[in-house]
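Asks: Listed here are the chains, written in short residue letters.
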Amino acid sequence: MTRTYALHAPRRPSRVRPYGITRGRTAADRFLGVERLISTVEFDPQRVLGMLPETAAVYEACRYPRTIAELATGLALPLGVIRVLVGDLAAVGRVRIHPPAADIPDRHLLERVLRGLDNL
Amino acid sequence: MASTISDASLALSAKIVIAGAFGVGKTTFVAAISEIPVASTEALMPVAAAPADDVSFARGKTTTTVAMDFGRIAVDDGLTLYLFGTPGQDRFWFLWDDLARGALAAIVLVDTRNLAASWPAIAYFERRGDIPFTVVVNLFDGQLTHELAEVRDALDLSPGIPLTTADARDRRDVREALRALIRHALNLLPSH
Amino acid sequence: MRKILIVGAGQAGLQLAHGLLLAGGYEVTVMSQRPASEIRHGRVTSTQCMFGAALEMERRALGVDLWSAAGSGHRIDGLGVSVPGPDAAPAINWLGQLSQYAQSVDQRLKMAAWLELFAERGGTVVINAATVSDLDHLAALYDLVIVAAGKGDIVELFDRDAERSPYSAPQRSLAVAYVHAVRPREEHPDTSAVRFNLIPTVGELIVIPALTTSGTCDILFWEGIPGGPIDTFDQVADDPAAHLAHTLELIRRFAPWEYERCAEAELTDPGATLAGRYAPVVRHPIAALPSGRLALGIADVVVANDPITGQGSNNASRAADTYLAAILAHGDRPYDQAFMQATFDSYWARVAVCTAWTNAMLAPPPPHVLDILGAAGQHQDVADRFANGFSAPDDFADWLLDPIKASTYLAAVTAR
Ligand SMILES: Cc1cc2nc3c(=O)[nH]c(=O)nc-3n(C[C@H](O)[C@H](O)[C@H](O)COP(=O)(O)OP(=O)(O)OC[C@H]3O[C@@H](n4cnc5c(N)ncnc54)[C@H](O)[C@@H]3O)c2cc1C
Ligand SMILES: Nc1nc2c(ncn2[C@@H]2O[C@H](COP(=O)(O)OP(=O)(O)O)[C@@H](O)[C@H]2O)c(=O)[nH]1
Ligand SMILES: [Mg+2]
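Protein chains in written order, with the numbering used here: chain A, 1 to 120; chain B, 1 to 192; chain C, 1 to 416.
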């Protein structure tokens, strides 16, 4: 059986890097995946006054940690807009971008997930 | 001050991608195990030629809605696992990249009544090579109509990729598929 | 500060973004669908040969030359053409000298570095694959949204301009391999040159010296006429080694004079091959989003020619240069539809000749072009003029694209 692909991308001949999160080294690598958690740093209602409505909505929603995807569905905004707003808020220290779970070594993380599933 | 989170207790998240063709049971699979109702992020993409179910906007542009479903499972106090379903259209590969980047692992769901529809999803993860994945046959009518070996053959699946079955509506089946996936990912780690 | 969003981190988007940042007074955001490290370690995207004038524009916009010829050891000083004859040796075979050197710096290397530099210089980078919904909302948050997404799916937002797009199907299949261990042409071992090998009814083999992540290399680039013997790379789509073997076998068959120097070629890296096709297209430059807000297209989004003449990146540089000047000149006034149209119009005035020239090259060459290619072998002036047209294609309107002007020119040269 032959398959043809629109992309013609060659298959990677070998595993060149361990799977898991691509860790950002510079700002040009910082990717806010749909699962990344965001939380507000010291929520202050006064600060909301000077913000654009969308920005304020993110700032308020993240009083409890929320993922990028949850922010998008909760605020009815597209993912790209959430990424822009979160990036802007993070740049001025108003929200914190949680590290990806894969900062924990892979084996540890996978075993932790497996335990969690066992306990469901 | 309302809630303030200290760095030491930062909640963590990880994601697993549930991929496969339209109608293969991705949303059902996620819903079966998620502790929240399945939510969906939606976005419009333009399309050149107009399929029947499309909506139009200014200047007659045709668009299609791409939706990504997700649900979540609390793994423990500090870690939440998110399950994301790929968009139904498998031509917007750049959105798949966006979804798959950083995923812990992936499951490709297949329907034996239309195996060809699953090729692009399988090829996608084969080609990436950096995300462990398994293939799960969704048992729509409760039983397998073909031998798994036949399915593997028809899918041209390499021997290293686990192939199992599940009923996407059944929570225990879904849980078992996820556990098998994680065990597969663990097996792929370099041993020390 | 005026807020400008640029969607797409390619030649046009990043060159414009840096230009605006250096000019000052703009808050510039670049939305890239891939992080810099993924661009750098991904698959090749082009052969990206850029000539003197376009290189000068990009250096001016960036304010720095990250791959100076002296520093990188990479420069291209000539452009040659070969056409097969009745036996194994080419019937037409000459080299034109470039008055300014050209370069092909792997876009993986260049765009990753430019994106990182942009972030270091204070620009905002957002990694996101933009959808129509994103653009629609973001157009309300920015003063201007520029779509620099190359050939991405999102560009379907921009309507095809049928009048300016003579082709509706791809005119060539494209197959690229980046390789090490290719020797220089023995006719000019000391001149690094782009070599065009024109094989009638079959296609073109273009060999381009380049700089990639592992140092200097050469790119073997087949352009195949659809349905012909070159249009067969689908068979090797998933296998870089087979892609290279196929490339070499086709060279042996159709451009045997190039074979020997390529025989030991090795792929530079696992992402060194690319195959595909696209229809050349000119689009209307303004997209109306669902809310009625507007976005402006640039470079490949609005004018995507076949790569046969190696002008796409050069045009992207010309586009960034034109749009930068237009934005700076516009001051505080709103970026309305009239501004967008005028900006594109001044770009089109600059590059319409490239589209005409490129589309002409896709058709079998008319007699006056054959005369020129032949005469270039006898008269170095003709060869040099042809080569330098790649940097300043306006000149082609004065001879190559016009049978009467061409014969007048050739008569003058021959009389000398
Ligand atoms: C095989 C081949 C050979 C070529 N050879 C040459 C040559 O020798 N000389 C030459 O001058 N030109 C050449 N070209 C053409 C040249 O590569 C392009 O014209 C040039 O890269 C166009 O620049 P751009 O900035 O418009 O787009 P691109 O360089 O394509 O950049 C667009 C960027 O936008 C990104 N993007 C796409 N969609 C989205 C989205 N939705 N959200 C966010 N980002 C997005 C893409 O990932 C990409 O990074 C060649 C092209 C090909 C295919
Ligand atoms: N009988 C049966 N129906 C299923 C099963 N899984 C999904 N379905 C149904 O198939 C349809 C498509 O499923 P859905 O989860 O929406 O598919 P998706 O497009 O991949 O998200 C829905 O009507 C589901 O109820 C299954 O295991 N058995
Ligand atoms: Mg679904």
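Hints were generated in silico from the structure; no laboratory data involved. Treat each hint with caution, since some may be false.
Said to hold, decoys possible - If you want the footprint, here are the derived chain A segments under chain C, 3+ residues with CB under 8 Å:
(1) 28-34
(2) 73-81
Said to hold, decoys possible - Straight-line alpha carbon distances no greater than 20 Å define the calculated EDC-like cross-link-like pairs of lysine to aspartate or glutamate that follow:
(3) C:K3 - A:E42
(4) C:K3 - A:D88
(5) C:K405 - C:D384
(6) C:K151 - B:D97
(7) C:K405 - C:D394
Predicted, not measured: the structure shown is a model, and the values here were computed from it. We put the CB at the ideal spot given by N, CA and C, even for glycine.
Asks: In ascending order, which of the hints set out earlier in this document are inconsistent with the structure?
Replies: 3
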